[in-house]
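Chemist: In case you want the letters, here they are:
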Amino acid sequence: MASQLLRRLIGSRSTTRFLSGAANPCPSLLSSSSSPAARVFSSTSTPITATLFPGDGIGPEIAESVKQIFREAEVPIQWEEHYVGEQIDPRTQSFLTWESLESVRRNKVGLKGPMATPIGKGHRSLNLTLRKELNLYANVRPCYSLPGYKTRYDDVDLVTIRENTEGEYSGLEHQVVRGVVESLKIITRQASLRVAEYAFHYAQAHGRKRVSAIHKANIMQKTDGLFLKCCREVAEKYPDIVYEEVVIDNCCMMLVKNPTLFDVLVMPNLYGDIISDLCAGLIGGLGLTPSCNIGEGGIALAEAVHGSAPDIAGKNLANPTALLLSAVTMLRHLELHDKADRIQDAILKTIAEGKYRTADLGGKSTTTDFTQAIIDHL
Amino acid sequence: MARRSVSILRHLLTKPLTPAVAAQTRSVTYMPRPGDGAPRAVTLIPGDGIGPLVTNAVEQVMEAMHAPVYFEKFEVTGGMPRVPEEVIESIRKNKVCLKGGLATPMGGGVSSLNMQLRRDLDLYASLVNCFNMRGLQTKHDNVDIVVIRENTEGEYSGLEHEVIPGVVESLKVITKFCSERIAKYAFEYAYLNNRKKVTAVHKANIMKLADGLFLESCREVAEKYPGIAYNEIIVDNCCMQLVSKPEQFDVMVTPNLYGNLVANTAAGIAGGTGVMPGGNVGADHAIFEQGASAGNVGNQKMLEQKKANPVALLLSSAMMLRHLQFPSFSDRLENAVERVILEGKFRTKDLGGHSTTQEVVDAMNNGSGVSNAKSPDYVSAQCLILSSISVHVTKNMVPILIWGSVMYFI
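Chains A and B, in that order, are what the protein sequence lines are. To get the numbering used here, take the position in the first sequence, counting from 1, and add 1283. To get the numbering used here, take the position in the second sequence, counting from 1, and add 4.
Isolated chain A, as found in the complex:
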């Protein structure tokens, strides 16, 4: 028990070092602080606890699929499941309970299935609640072509990192007079620095060579100009990573003509939304795209970005690939690279073979068949 206490203390101190590292950026400190944390996390005797939100619709089925595969691959993760409540919790103003949020804050990692926001007023949307309460400032979406699933683009391999808290999605709109509406787009130095830091740290940690900042600073000179200034400041600290700036209309055109031109993309909120969905479209849609939200204090919440598909819920037809690949991203964040590689290879091999594919990829297998095929490939 004493050793457990000691390990917890070391864990918390290293995360505070991570926090201070994020505030005054210094790459060596960041990378060195994350590895002791990971070493604490990945000791096989103490499994890591992770929060799991199965979600609605097809959520529970695909979450079950993930749990099965992780069990077979002997990943040292213990799941703490939380469900969306039936009533609005007054402490969070939404259907998510305070306990769920506390659990994510405690565990520092989580996996979220698709959640349908119930229609109605008087409460915040679920995604917005998670984002605000956990201060999730960066959304990371690695987009790579799945070998064996042919789309029109075969050699996509890029990562989009999107600032998640401010920008055009601040939600500050008002009607000036009848028929005239104003919406505010806010860019702050703090948020831009944060996401730029994370982008370069990610690029370095994953061996990426280039970071491109996407902007429209020729028109929105002060706002995107501030974003670019912050990116340039951070770029100076990482001299071995090539940094470039691309105007967003150029970027869109280049992405659809030749996606190999890009490596890591970092952008403000609105452009990030559009570009990350565009990249998801390049590789086959939201049903195959992993995604991970990074928050203050080293929190990582991986999520499946597709909808909850209520029409196929419970019929064992859902495609668990998005949630599985997101779980793999979560494992990489925890530095469990060998397990992550093993599971990712199994998934890619299963899809490449083409014998077991769910309906949305053009096959006829059920979720359980697909899961079993992946387990066989492990």
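In case anyone wonders, no lab produced these hints; they're calculated from the structure. Built from N, CA and C at the ideal position, the CB exists for glycine as well. Treat each hint with caution, since some may be false.
[As the list claims (entries may be wrong)] Calculated lysine to any residue pairs in the SDA-like style (CA-CA distance at most 25 Å, straight line):
hint : chain 1 : residue 1 : chain 2 : residue 2
1    : A       : K1540     : B       : N303
2    : B       : K249      : A       : S1591
3    : A       : K1540     : B       : D124
[Said to hold, decoys possible] Sample of chain A residues at the chain B side, in silico, Cβ under 10 Å:
hint : residue
4    : V1367
5    : Y1436
6    : E1451
7    : I1502
8    : K1505
9    : K1540
10   : I1595
Since the structure of chain A is provided, determine the placement of chain B on it from the hints.
Modeler: Frame of chain A; chain B shown alone:
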């Protein structure tokens, strides 16, 4: 007269009959008013970078075609603080302008000259036509999208300020007046050009008031055009659908920023921004330029090697000719461009070839259809033959025809 008619007959009969020419021989259904053949003045702004190169290409082709337009050239560069007053006066007088790209300096505190032109002349609709060209292989087929984008307000209002050091705000303004008129223009365009569907692109799930107002205006106008299908799509889903299933889109109407992204994406999937025509139009004036805005100034290497793609500006000038009500010249220009691209021998770098701008222009001028130095005679020759046949039809027609064909073969 016989010799002249023979030479004219020979000239008529030696035209090679390619499929493109079938459209060229349009029957005389366009009835101009007397005096419409007088040359029209068009303001020309060469612009920066590759702008002068491609506008020169247009001038050469217009020259070769003997099109009834003459250009009033004005030098405007992106670094100027304002567009010179004389240029705006000229556009107000001529009502039509052709323009190369104007570079907007980054972050410099100079507001974009493109935006200034659009606001001063109230060119509220920007139109880009993205379509697959025959002979140009792209990853997507069946693309024929027209993106109509609101050009004056939205995110490009240029109203930014620093609240405190490190916090900057930018205002996005949406008004009912502008949203309504762009929706009206989109539906009217669809109606006049036989288009079946209009799609409104928005992000109203997040920006409920601003894009909500835009959608409301679109819905109101849609009710007045029951023959045209209308639907709405969120902008991120739209981009995803554009790269996977672009054939579902027909006419798209969007606010300012989304229109920029959607137009460039659609141009990219259909062949690149070097070939897509477009323009900005308002109630009184029109400016034609390369459709999608990416790459319209080009880069240093393209400028040095003179390998800019003139196709986009040539097709935009064809749109301009149709706007000026010269449909026959417009048809000939478009057919010539189509023929050059179909042949595939002269293509610039962005289409996968190695030609320079001048080589493409020469290829267009040398083929039939564009350069027709005898055009005034051609018209009179048609009348001549018709009259000669009508005179002799009652008498012996056969000897005339035999004599004509004998003369041809000599």
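Chemist: Return the numbers of the hints above that this structure violates; sort them in rising order.
Modeler: Hint check: 3, 4, 10 fail, others pass.
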